[in-house]
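Colleague: Listed below are the residues making up each chain.
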Amino acid sequence: MALLHEDRLFPADATTRSIARRIYAAIRSLPILSPHGHTSASWFAHNTPFPDPVKLFVQPDHYVFRMLYSHGISLEELEIANETISDPRKVWRIFARNYHLFRGTPSRLWLDYAFQETFGLTERLSEKTADLYYDTIEQRIAAPEFVPRKLYEDFGIEAISTTDSPLDTLQDHIEIRASGWKGRVLPTFRPDSVVDSASEGFLRNIAQLGAITGEDTHDWKGYLRALKNRRNFFKSLGATATDHGHLSARTANLSVQESERLFSKILSGNADLSEQELFRAQMLTEMARMSVEDGLVMQLHPGSFRNHNPDIFRRYGPNMGADIPSPTNYVEALHPLLSQFGNESAFTLILFTLDETAYSRELAPLAGHYPCLKLGPPWWFHDSPEGIQRFREMVTETAGFYNTAGFNDDTRAFLSIPARHDVSRRMDSAFLARLVAEHRLDEDEAIEVAHALTYDLVKKAYRL
Amino acid sequence: MALLHEDRLFPADATTRSIARRIYAAIRSLPILSPHGHTSASWFAHNTPFPDPVKLFVQPDHYVFRMLYSHGISLEELEIANETISDPRKVWRIFARNYHLFRGTPSRLWLDYAFQETFGLTERLSEKTADLYYDTIEQRIAAPEFVPRKLYEDFGIEAISTTDSPLDTLQDHIEIRASGWKGRVLPTFRPDSVVDSASEGFLRNIAQLGAITGEDTHDWKGYLRALKNRRNFFKSLGATATDHGHLSARTANLSVQESERLFSKILSGNADLSEQELFRAQMLTEMARMSVEDGLVMQLHPGSFRNHNPDIFRRYGPNMGADIPSPTNYVEALHPLLSQFGNESAFTLILFTLDETAYSRELAPLAGHYPCLKLGPPWWFHDSPEGIQRFREMVTETAGFYNTAGFNDDTRAFLSIPARHDVSRRMDSAFLARLVAEHRLDEDEAIEVAHALTYDLVKKAYRL
Amino acid sequence: MALLHEDRLFPADATTRSIARRIYAAIRSLPILSPHGHTSASWFAHNTPFPDPVKLFVQPDHYVFRMLYSHGISLEELEIANETISDPRKVWRIFARNYHLFRGTPSRLWLDYAFQETFGLTERLSEKTADLYYDTIEQRIAAPEFVPRKLYEDFGIEAISTTDSPLDTLQDHIEIRASGWKGRVLPTFRPDSVVDSASEGFLRNIAQLGAITGEDTHDWKGYLRALKNRRNFFKSLGATATDHGHLSARTANLSVQESERLFSKILSGNADLSEQELFRAQMLTEMARMSVEDGLVMQLHPGSFRNHNPDIFRRYGPNMGADIPSPTNYVEALHPLLSQFGNESAFTLILFTLDETAYSRELAPLAGHYPCLKLGPPWWFHDSPEGIQRFREMVTETAGFYNTAGFNDDTRAFLSIPARHDVSRRMDSAFLARLVAEHRLDEDEAIEVAHALTYDLVKKAYRL
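As given, the protein sequences belong to chains A, B and C, one line each in that order. All letters in the first sequence, in the order written, are residues 1 to 464 by our numbering. All letters in the second sequence, in the order written, are residues 1001 to 1464 by our numbering. All letters in the third sequence, in the order written, are residues 2001 to 2464 by our numbering.
Take these hints with a grain of salt, some might be off.
[Said to hold, decoys possible] Distance condition first, Cα-Cα at most 20 Å in a straight line; then the derived DMTMM-like pairs of lysine to aspartate or glutamate:
hint : chain 1 : residue 1 : chain 2 : residue 2
1    : C       : K2128     : A       : D154
2    : B       : K1128     : C       : E2443
3    : B       : K1460     : B       : D1410
4    : A       : K128      : B       : E1443
5    : A       : K128      : B       : E1153
6    : A       : K221      : A       : D294
7    : B       : K1128     : C       : D2444
8    : A       : K128      : B       : D1294
9    : B       : K1459     : B       : D1294
10   : B       : K1128     : C       : E2448
11   : B       : K1128     : C       : D2442
12   : C       : K2128     : A       : E443
13   : C       : K2128     : A       : D444
14   : C       : K2182     : C       : E2158
15   : B       : K1235     : B       : E1175
16   : A       : K128      : B       : E1448
17   : A       : K128      : B       : D1442
18   : A       : K228      : A       : D294
19   : C       : K2090     : C       : E2077
20   : C       : K2128     : A       : E445
21   : B       : K1128     : C       : E2445
22   : A       : K228      : A       : D192
23   : C       : K2128     : A       : D442
24   : A       : K235      : A       : D168
25   : C       : K2090     : C       : E2127
26   : A       : K90       : A       : D52
27   : A       : K221      : A       : D192
28   : A       : K228      : A       : E293
29   : A       : K235      : A       : E175
30   : C       : K2090     : C       : E2076
31   : A       : K182      : A       : D154
[Unchecked claim] Per the computed footprint, the stretches of chain B lying under chain C, defined by three or more beta-carbons under 8 Å from a beta-carbon of chain C, are:
hint : region
32   : 1064 to 1075
33   : 1096 to 1102
34   : 1105 to 1118
35   : 1297 to 1311
36   : 1325 to 1336
37   : 1353 to 1360
Since the hints were made in silico from the structure, they are not lab data. We put the CB at the ideal spot given by N, CA and C, even for glycine.
Based on the sequences and whatever the hints tell you, model everything.
Modeller: Set out below in structure tokens:
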């Protein structure tokens, strides 16, 4: 008995499946490149064990607790906000009893992978097996080798990026580098807190940015210098990329004078919503300009209506499973930025979307023309078997494979990383196998493409 | 020879097909729950036979006559508006001669099902077999047992809901209950005519609502009391749900004072389009508030641009196949209502869409978070094999199966009901079989899920 | 060894594939009807040979050079703007070296088809085979029979339409007709340059239209007469259709007085963007009115944001692979035109889209109701295996097969024409084979439908 079948996610047709198996065999053991995600550098800096199964599987995984919440299980019962879980076994049993809710979801695939591959469990999680699971996991995570650095190595990770505020001292990253450990944990420059005036504590953040850099961040030019300064600091600790999570993909291309005036208005605290949007738009273009100069790859993750549920936000804060995608336009929104920097071959801008309608309509045509553009993998809700398949089906014919940037796991659930990369590799193998079976591609080419999608294109796009 | 193949709609791959067969075998004979539709309570109250084949298959089915109309066949030729069909055989021959137009459409599947299962016909409908069909159907519907109550029983219906105006006396429902007949025919509270000020005769309807309930419906509070009163009347006759068919999904959350002012403006007849939209928006939130109190499940069917063809509307009125879907936003539109009632576990709001782009982008993420939300099945143009498949593919990975509400036939074509449920059961079996064949779900789980989708989830979501 | 497999594009499942083969066998050799495209009438008028492989495969094909450009290869290197290619072998080698970029794209299928079927090449194009290809193609195109008229015949073309300005003298079309050659090359009336006031040289064009027709084109009525006059001229040379390429699908239905006033404003050069949009909208309705009268079929190709890359546009002009689709609404936009002419059976309006979300949401419901509407095939970025499959899957269930208008190749790459029609025939066979394998259609019906999609519906929709 096993939770995982060797042929999972491969098409049922026997011919296609055997092709998929061969393609997958060529890539399954390649190292993991994880160039975008939300693991914590402190894990690798301090290398301390995980406290209990709930801290490992439930609390850090909004995919898991939002599904339970959607069925009327309160976040209190799940002890979501608790620093220390008072009754982890009780929470675990709730999770186990409701495991059927995850049928047909990628969470199920990721969880089963970790249960079997990391913990040796082979019987399905349910009310009946809840305690068996709890005891097995509890025992295993108490073992001395069950620590972040060892898991990094066991998982075959070659490099992993975190996501960090410009105000972060990156102390953990400094310690990792100083420790002599061979793992590559890279910071990513995510400046939302100092370029999006709607973010909490924005004015305080601007002041702090000034204090850290010794620049006058209340002056437009000083503010830009301060940002450059921090980008360089990130680069010095291995960063190769920036990341931007605005609600829309809107960019602007204002003159210096207009930018100065807008910045003053923003700092005055009297900017209206459209001025705040314009400022975010202009700052994307400024970030692109800096990327052209300093070579940091730029990532854009737009389209999430954050904290849609005000009651949950008030009680629990952000990232509680209540971020909902919204329609996102790219063709108009990116026009100002692309008009300025779109033809720069030295510049790389990786685009993501939560709006799948943009794949074939906007993103593939844009990436199939502009030298600077690459398409990031299916993101968040779409990082799933069907989501990956739709991405390849809707993007490939116009953008080709080589305008995409391989896979991102984008997770804070550390144990799910190998599982997520495995799903991606399997789905790419399945897609390529179909092309081969339908004589749209030869098998030797498919294997080359699979290798590129898994490794080469990630390395190149992220300059790892 | 047969119109229907035992394996229809199952994937061609032999392994997957045999799994689909086994799943389907476990659910094919389950009772039909039809919690949303447009059959007429008077059929069951009076139990009178159907007059002729055209009245049975052409006149009540806008899927059928709009397709004929799109090929230049006039509604006059089809006698669409005639109380009595003057030459039903002639109309039937037109239909038969054009039956090839329905190739590849769900109508073809539904019609063939009724032709074979209800009338024993096995040769394809065409110009050549037109009269054979006409004679066979005519003879059969003249038989004493071919009456609505008997068909209800033969079809294996356990409960069926109609859709009714708050101004309706529900006399037919009263008579059904008084008759001693065991069939469950339930009214549904659909208040569009008294909450949407753009509906025909709105001010007259408000006055009539006052007359029926003895409330002063020109006063905001009296108006709300009158609505509650009618909801309770519907409940007393078995209603478990309300239904709302606005053009957009917009909701609002005004104060009592603002609502009062807006209502006065609406009653004055001077409200502009945006005030009318705001009033509809506020009334959705009011209906939600009442649902929280009285337990009626709320259904929202937005996004239809009704009566797009003004000439047809002028000559034939509504529901003539000229209602066209339009883009529908949910994430912004529902925010006011969900901010107020989204976390109420006792409240159920079932969402439908004619805009499939909302499935993976908005609806699944919303339903995968808010406890009150469930997703209704693919609706209208999307109640079809490909439509059902897209729904499951785009919704399941984020919302899971258990945040959906099973199937609705939503029809006024009574004979199509078993056919529609059969298509749905087959397509769900096919989807689940693929998950099993690809080792994403075990077969015992798939059978459990199929049962839930066919029966348990409908019963639970609609509180039947 | 071969570039093309006999079963390419057919589903891998053995049962389905064998059905697909039988359907395809029934249609593969039908004549090619090419009712919309961008070949040059001068080719057929002058019948001169093609100069070199680059002029044949790279320069006229924006699918090809935009992909190379997206990977940082400059348009200078590709000699895109050069009248005479200075070093065609060098350009060819660049193309060959980067041929892997086209993996998974339709260009790869079209190119391989031409390489094998027209040039007898059987080894894959690559850096290694670049010169073999170059030499083979160079030699073959120097042969006396490698001329446009002979290729037209070899390709099995029965009729081909060009796309022409109302200001064109159609001299090439006149010469073709005078030559006694049997080929049917038909002009198409594409009036964008004289109805879209945003087009370059608009006012000059209006004056020229007056000069050609002897009408006062600065008077609304004279302007309309001039357009009618040119339409009749096009008809006299075999035109059966018009074509319209506006950014949006918006139509209007102004009174004569309003139209006159708007036209004056447009001619004054002072119209703002919304007045220019309104004028385009009104002109679509005027074109429809003329079509009702003169019987020319109307085609609408909306939704392309032209020349998105200003630097490329400035240096190279239009059609450089930098046209990006944008979201397109039909249901509101077409309402004015359809309210006026939607029920005219004698009028045919063929709709295209670059926004696939409109297929099931708007286009299929519109075409499934209005007698005047037919749906054109998947266009441009969506003229591809996956694009064709999505089109059939999203359109057929609501509009049926018979509200579609068969295939268009829409190309300026002459050699790709048989390849494109072959892909379309194969994908339609594959789609129909699935319906047969799933018992949704009988095989005899599928073959009839395939014939209709390939030939009959094109002939009928375009009145060829």
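Colleague: Tell me if the straight-line CA distance from K128(A) to E1448(B) falls inside 20 Å.
Modeller: Distance of about 17 Å is within 20 Å: holds.
Colleague: Can you confirm whether chain C covers the region 1105 to 1118 of chain B, using C-beta to C-beta distances below 8 Å and requiring at least three such residues?
Modeller: Coverage by chain C holds here, the residue count being 4 at a Cβ distance below 8 Å.
Colleague: For a C-alpha distance cap of 20 Å, please report whether K128(A) and D1294(B) respect it.
Modeller: Not OK: K128(A) and D1294(B) at ~37 Å, beyond 20 Å, violated.
Colleague: Measure nothing beyond the straight line between the CA atoms of K2090(C) and E2127(C); if it is 20 Å or shorter, mark the hint as holding.
Modeller: 11 Å, holds
Colleague: Please verify the coverage claim for the region 1325 to 1336 of chain B: does it have three or more residues whose C-beta sits within 8 Å of some C-beta in chain C?
Modeller: holds (count 3)
Colleague: Do three or more residues from the region 1353 to 1360 of chain B put their C-beta atoms closer than 8 Å to C-beta atoms of chain C?
Modeller: Holds, because 4 residues of the region 1353 to 1360 of chain B bring their Cβ atoms closer than 8 Å to Cβ atoms of chain C.
Colleague: Taking only the CA atoms, is the gap from K1128(B) to D2442(C) under or equal to 20 Å?
Modeller: The hint holds at about 17 Å.
Colleague: Verify the proposed pairing of K128(A) with E1153(B), using a straight-line Cα cut of 20 Å.
Modeller: 40 Å, violated
Colleague: Verify the proposed pairing of K2128(C) with D444(A), using a straight-line Cα cut of 20 Å.
Modeller: Holds. K2128(C) to D444(A) sits at ~16 Å (cutoff 20 Å).
Colleague: Report holds or violated for chain C covering the region 1096 to 1102 of chain B, Cβ cut-off 8 Å, minimum 3 residues.
Modeller: holds (count 3)
Colleague: Is K2182(C) within 20 Å of E2158(C), Cα to Cα?
Modeller: 10 Å, holds
Colleague: With a cut-off of 20 Å on the C-alpha distance, tell me whether K90(A) and D52(A) pass.
Modeller: Holds, at roughly 12 Å.
Checked against the numbered hints above, the structure breaks hints 1, 5, 8 and satisfies the rest.
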